[in-house]
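Generate the whole structure from the sequences, applying the supplied hints.
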Amino acid sequence: MSYQVTLSQSRNEAGSDRGSGSYGGISLQIENVSKVFTGRAGTVEALRPVNLTIEAGEFVCLLGPSGCGKSTLLSIIAGLEPATTGSVMADGRNVQGPGTDRVLLFQEAALFPWLDVQHNVEFGLRQLGTPAAERRALARRFLELVHLKGFERSYVHQLSGGMRQRVAIARALAINPAVLLMDEPFGALDALTRDRLHTELETIWSSTRKTVVFVTHNVREAVALGDRVLVFSPRPGRIVREFRIDLPRPRSLEDHSLVDESAEILTVLREAIGEHEGEDENG
Amino acid sequence: MAKAVDFSQRVSRASFAPWLRRILFFAALLMLWQVIAMSGIWPDYLFPGPFAVLSAIITGFSNGLYLQAVGVSLSRLAIGYSISLVVGLVLGLLIGRNRILEETVGSLILGLQALPSVCWLPLAILWFGLSERAIIFVVIMGALFSITLGVDAGVKNTNPIYLKAARNMGARNVALYSQVILPAALPAIINGLKQGWTFAWRSLMAGELIFFTLSLGNLLQTGRDLNDASQVMAVMVVIIIIGVAIDVLIFGPIERNVRDRWGLSR
Numbered sequence: 004m005s006y007q008v009t010l011s012q013s014r015n016e017a018g019s020d021r022g023s024g025s026y027g028g029i030s031l032q033i034e035n036v037s038k039v040f041t042g043r044a045g046t047v048e049a050l051r052p053v054n055l056t057i058e059a060g061e062f063v064c065l066l067g068p069s070g071c072g073k074s075t076l077l078s079i080i081a082g083l084e085p086a087t088t089g090s091v092m093a094d095g096r097n098v099q100g101p102g103t104d105r106v107l108l109f110q111e112a113a114l115f116p117w118l119d120v121q122h123n124v125e126f127g128l129r130q131l132g133t134p135a136a137e138r139r140a141l142a143r144r145f146l147e148l149v150h151l152k153g154f155e156r157s158y159v160h161q162l163s164g165g166m167r168q169r170v171a172i173a174r175a176l177a178i179n180p181a182v183l184l185m186d187e188p189f190g191a192l193d194a195l196t197r198d199r200l201h202t203e204l205e206t207i208w209s210s211t212r213k214t215v216v217f218v219t220h221n222v223r224e225a226v227a228l229g230d231r232v233l234v235f236s237p238r239p240g241r242i243v244r245e246f247r248i249d250l251p252r253p254r255s256l257e258d259h260s261l262v263d264e265s266a267e268i269l270t271v272l273r274e275a276i277g278e279h280e281g282e283d284e285n286g
Numbered sequence: 390m391a392k393a394v395d396f397s398q399r400v401s402r403a404s405f406a407p408w409l410r411r412i413l414f415f416a417a418l419l420m421l422w423q424v425i426a427m428s429g430i431w432p433d434y435l436f437p438g439p440f441a442v443l444s445a446i447i448t449g450f451s452n453g454l455y456l457q458a459v460g461v462s463l464s465r466l467a468i469g470y471s472i473s474l475v476v477g478l479v480l481g482l483l484i485g486r487n488r489i490l491e492e493t494v495g496s497l498i499l500g501l502q503a504l505p506s507v508c509w510l511p512l513a514i515l516w517f518g519l520s521e522r523a524i525i526f527v528v529i530m531g532a533l534f535s536i537t538l539g540v541d542a543g544v545k546n547t548n549p550i551y552l553k554a555a556r557n558m559g560a561r562n563v564a565l566y567s568q569v570i571l572p573a574a575l576p577a578i579i580n581g582l583k584q585g586w587t588f589a590w591r592s593l594m595a596g597e598l599i600f601f602t603l604s605l606g607n608l609l610q611t612g613r614d615l616n617d618a619s620q621v622m623a624v625m626v627v628i629i630i631i632g633v634a635i636d637v638l639i640f641g642p643i644e645r646n647v648r649d650r651w652g653l654s655r
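Those sequence lines, one after another, are chains A and B.
FYI, the numbering for the first sequence is 4 to 286, going by the working numbering.
FYI, the numbering for the second sequence is 390 to 655, going by the working numbering.
Everything labelled a hint here was simulated from the structure, so no lab data went into it.
Each residue gets a CB set at the ideal place from its N, CA and C atoms; glycine is no exception.
Hints are not guaranteed to be accurate.
Unchecked claim - Partial selection, computed: residues in chain A whose CB lies under 7 Å from chain B:
no., residue
1, Ala-81
2, Leu-83
3, Pro-101
4, Val-106
5, Leu-107
6, Phe-109
7, Glu-111
8, Pro-116
9, Trp-117
10, Gly-127
11, Gln-130
12, His-160
Right under this line is the structure:
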């Protein structure tokens, strides 16, 4: 019920606010969310109960080793996976399924290979029932925003990894979500491309003020992008430390304070990984 | 620059050479055929030469008989195949998306697929008599299971990330099936469609052999009855040409289109 309200609301906003793109983010409350997978090999505890409040328009990075449950948490926030315990509130409403107010971006970009770039970006708008002419115009605008003008007719296999992520970002932005959930979106890219996309993402975020939850295992990436960095322990994941990053934007990876901050967080992360076995005993 | 020119020349020569070899091969084959026919090892009415067969084809088409037979056979194929296509798509989607149907109906279809569809013919004649319905039934049995299994395989092998992304962007129910699940499964579906058409065409020809109404299969049988090997061979050639034409003109472009879009290499 509440989910229906969210959907129709975001539809209105997508319709009325397409000119400026200044529609901001919403807050997220994660209360006691945990995840236990039950499979043939028994049960696996992926995520210890997590409590987390993310403000509207905040850029939060979830940092941790692979398989620490941070991606699972992102899927739960997206509503693509049910939590074993606890609840997620988006803008004060209980999340009960996927909604176009929260869009998940994947490391593999997950573009549809049977559609060209233009129609990939139009996909979400088509589901919302946006008229064809408006869809085309919106898709063009967002492709321009991610510097992919002229690639409208290309197919996915013709694009580089960085270009695919740009299309995925344009596709997500086109439906004007309040929250971008990014699951290691730049993890498979080379360092140069990644840096460029960091800058572009930061620009888009500061002009739209959407809420961003960004999962990564790269400390520098987390520090370069986040207002806050939450360090996760290895599986079963839980938040071990929280860092507030008050460095001015736009940030440079060469900045000394950024390097220092990264070193400090890396130490905490190493400790979390190292203590893992001992932690298991104490629960 | 010189390298690039050299390369393009090699490419054009490489794509031309197979055709040249093919033409030479078939010319040699025709010549060999003619020599054997002229040698008199077998009588003319049992082993006619290529010219006799060619003239039988020309006569057959000029008196309208072959055209009519082609029409009858192709319309049976079209009706049977269309029904298989619709039923196979629905059945394949259901089996691919539902584990209980997969375990039950899926294994039944896998078993039935092992049965050559012409084996349905005696039963079809018992049920429907020597009628159009009997032969169309056999065509359906030929194509249906291949198409169903192709759709099923395509749906099951679809990367789940496409479904996640689509659901996340608001795709539901019919839109999820028509805009994501089916197109994502398309490469496997096309394989099933191709295999289904081959099986349907073969079982149609086999079935028509025992039917009395004019059709391609029936023309083969009449040729035998008249002791006219040139007509039998002529009809065989027509059947081969139709088969190759459908492969090249219908399935070829569809396959190429999908390969180009997805970037699948040959």
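Outcome of the hint check:
1. Ala-81: 6 Å, holds
2. Leu-83: At 5 Å from the nearest chain B Cβ, Leu-83 (chain A) passes the 7 Å test, so the hint holds.
3. Pro-101: 5 Å, holds
4. Val-106: Holds: closest Cβ of chain B sits about 6 Å from Val-106 (chain A), inside 7 Å.
5. Leu-107: 5 Å, holds
6. Phe-109: 6 Å, holds
7. Glu-111: Cβ of Glu-111 (chain A) sits 6 Å from chain B, so the hint holds.
8. Pro-116: 5 Å, holds
9. Trp-117: 4 Å, holds
10. Gly-127: 4 Å, holds
11. Gln-130: Where the cut-off is 7 Å and the nearest Cβ of chain B is about 4 Å from Gln-130 (chain A), the hint holds.
12. His-160: For His-160 (chain A), the interface hint holds, since the closest Cβ of chain B sits about 3 Å away, which is under 7 Å.
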